[in-house]
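Here the protein sequences come in this chain order: A and B. Positions in the first sequence are counted from 1; adding 4 to them yields the working numbering. Positions in the second sequence are counted from 1; adding 18 to them yields the working numbering.
To be clear, the hints were calculated from the coordinates, so they are not data collected in a lab. All residues carry an ideal CB built from backbone N, CA and C; glycine is no exception. Incorrect hints may have been included.
[To be verified] Only pairs whose alpha carbons sit at most 27 Å apart, straight line, appear in this in silico DSSO-like list of lysine-lysine: (1) A:Lys7 - B:Lys106; (2) A:Lys185 - A:Lys126; (3) A:Lys120 - A:Lys132; (4) A:Lys184 - A:Lys94; (5) A:Lys120 - A:Lys184; (6) B:Lys28 - B:Lys106; (7) A:Lys7 - A:Lys120; (8) A:Lys94 - B:Lys68; (9) A:Lys185 - B:Lys28; (10) A:Lys120 - A:Lys94; (11) A:Lys120 - A:Lys185; (12) A:Lys132 - A:Lys94; (13) B:Lys63 - A:Lys120; (14) A:Lys132 - A:Lys185; (15) B:Lys236 - A:Lys132; (16) B:Lys63 - A:Lys94; (17) A:Lys7 - A:Lys184; (18) B:Lys236 - B:Lys63; (19) B:Lys106 - A:Lys120; (20) B:Lys106 - B:Lys236; (21) A:Lys94 - B:Lys106; (22) A:Lys7 - A:Lys126; (23) A:Lys126 - A:Lys184; (24) A:Lys94 - A:Lys126.
[To be verified] Simulated restraints on C-beta separations: (25) A:Ala21 - B:Arg38: 45 to 51 Å; (26) A:Gln8 - B:Val179: 52 to 58 Å; (27) B:Leu226 - A:Gln127: 41 to 47 Å; (28) B:Gln176 - A:Gln127: 19 to 25 Å; (29) A:Glu122 - B:Arg37: 40 to 46 Å.
[What the hints assert, rightly or not] Which chain B residues face chain A? A few, computed with CB under 8 Å, are given here: (30) Ala22; (31) Leu65; (32) Ser208.
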Amino acid sequence: MEKQYSFTDNLVVTNLACWRNEQVLFNQLNLSLLPENVLFLQGENGSGKTSLLRILCGFRLPDEGEITWGNRTIFSNPEYFQNISYVGHKNGIKDELTVEENLNLMRSMTTASEIKTEVVLKQIGLFKQADVLTRLLSAGQKRKLALARLMMTNNSFWILDEPFTSLDTASVVFFESLIKKHIARGGMLIVTSHHDIDLSGLSVNRLSLTN
Amino acid sequence: MFNAWLQIFKRDLLIAFRRRSEIIHPLIFFVMVISLFPLAIGDDKVLLQKIAPAIIWVTALLATMLSLDNLFRSDFEDGSLEQMTLLKSPLSLLVTAKITAHWFITGLPLILITPLLAVLLYVPAETMSILLLTLLLGTPTLSLIGAVGIALTVGLRQGGVILSLLILPLYIPVLIFATLALQNTAQGFSAEAQLAMMLAILVLSITLSPFAIAAALKVSLN
Numbered sequence: 005m006e007k008q009y010s011f012t013d014n015l016v017v018t019n020l021a022c023w024r025n026e027q028v029l030f031n032q033l034n035l036s037l038l039p040e041n042v043l044f045l046q047g048e049n050g051s052g053k054t055s056l057l058r059i060l061c062g063f064r065l066p067d068e069g070e071i072t073w074g075n076r077t078i079f080s081n082p083e084y085f086q087n088i089s090y091v092g093h094k095n096g097i098k099d100e101l102t103v104e105e106n107l108n109l110m111r112s113m114t115t116a117s118e119i120k121t122e123v124v125l126k127q128i129g130l131f132k133q134a135d136v137l138t139r140l141l142s143a144g145q146k147r148k149l150a151l152a153r154l155m156m157t158n159n160s161f162w163i164l165d166e167p168f169t170s171l172d173t174a175s176v177v178f179f180e181s182l183i184k185k186h187i188a189r190g191g192m193l194i195v196t197s198h199h200d201i202d203l204s205g206l207s208v209n210r211l212s213l214t215n
Numbered sequence: 019m020f021n022a023w024l025q026i027f028k029r030d031l032l033i034a035f036r037r038r039s040e041i042i043h044p045l046i047f048f049v050m051v052i053s054l055f056p057l058a059i060g061d062d063k064v065l066l067q068k069i070a071p072a073i074i075w076v077t078a079l080l081a082t083m084l085s086l087d088n089l090f091r092s093d094f095e096d097g098s099l100e101q102m103t104l105l106k107s108p109l110s111l112l113v114t115a116k117i118t119a120h121w122f123i124t125g126l127p128l129i130l131i132t133p134l135l136a137v138l139l140y141v142p143a144e145t146m147s148i149l150l151l152t153l154l155l156g157t158p159t160l161s162l163i164g165a166v167g168i169a170l171t172v173g174l175r176q177g178g179v180i181l182s183l184l185i186l187p188l189y190i191p192v193l194i195f196a197t198l199a200l201q202n203t204a205q206g207f208s209a210e211a212q213l214a215m216m217l218a219i220l221v222l223s224i225t226l227s228p229f230a231i232a233a234a235l236k237v238s239l240n
């Protein structure tokens, strides 16, 4: 049994609205997420899944509504943002750095987890490529490196936007088991995916956004 | 908090080293433009001496603008900027790491090569030290002000023209004080007043622009 996360709380979203290009993406959106819970966002392309995730990360401001983390609005609560591990469409890794340099950079900028870089490299199957410039990796390998961000920190709130695009089956299985460990430690997860994700045994809320 | 600053500073220097060709481009521009003037004007020592401050400063200003485009572009495109906003250290602090690294890569080499180029323009020895001092005070200001403009336009497809319109007017005070300082020195007057003003502008930029840059980047991310 791994150590439980020390920093978790309830996320509550009330009456959230988001407009884009003068169109309503979603309106009157309510959701809540407790520790040890998963929120699986579904919806067609352009239904606002990514926008919702970006609002939760603070990259976009909500057009209406409130988001609270432990009864405090997230915008006066910097700890909320520091506790997020976000993997979006963009990988957030530098092409000019090697695989190992990228991993060490992720670790050094935040509250690092105890896991060794070497172990992470082995687990994601990039041990042999440790000294290769990221620019030279395949799309799937880059994606694995981006997802390795989740292992480098102790953040308890994961926000994943289509995490498994271009991953091979074995890697998908590995990251699914990582998600299960994360939830078992008291973590929280919001994920969008058009692939099926094996979340069996977890308490999953599903939310469908419609146009 | 300072650790993240240092990491970003080191990261940017390393990336610049691995992308030397892009980094060296503004410097080559600076050297080429300045060395073209003596060729075009001919060996007219008096004229060259008179316009040397203007040539060097206008070229330095354009070279800085040329170099700025890369400041946030790659971080914006590969998602590193999003990740930076989620860190413990405030974005306004982290951008100063990027700008400092950027100045070390583009501003400092420009200052180091200026004495060589100044000889081409017959800049006298007593003006040289003031010339270098104006560049030392001026180029960081140019980087900081330019970064505000870059941060605002990084999300746009065709940001180049808007960028020049946005930041060139803000560069003009620096240009005026710098060239005035050099003219005064050439005529045997003291340049202290202009240098003090340049220092004041630099301090003002250092203290205020990081907040503007961070706010502008957040707007661009939106």
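For a quick check of understanding: which of the numbered hints are violated here, in increasing order?
Per hint list: 8, 9, 13, 15, 16, 18, 28, 29, 31, 32 violated.
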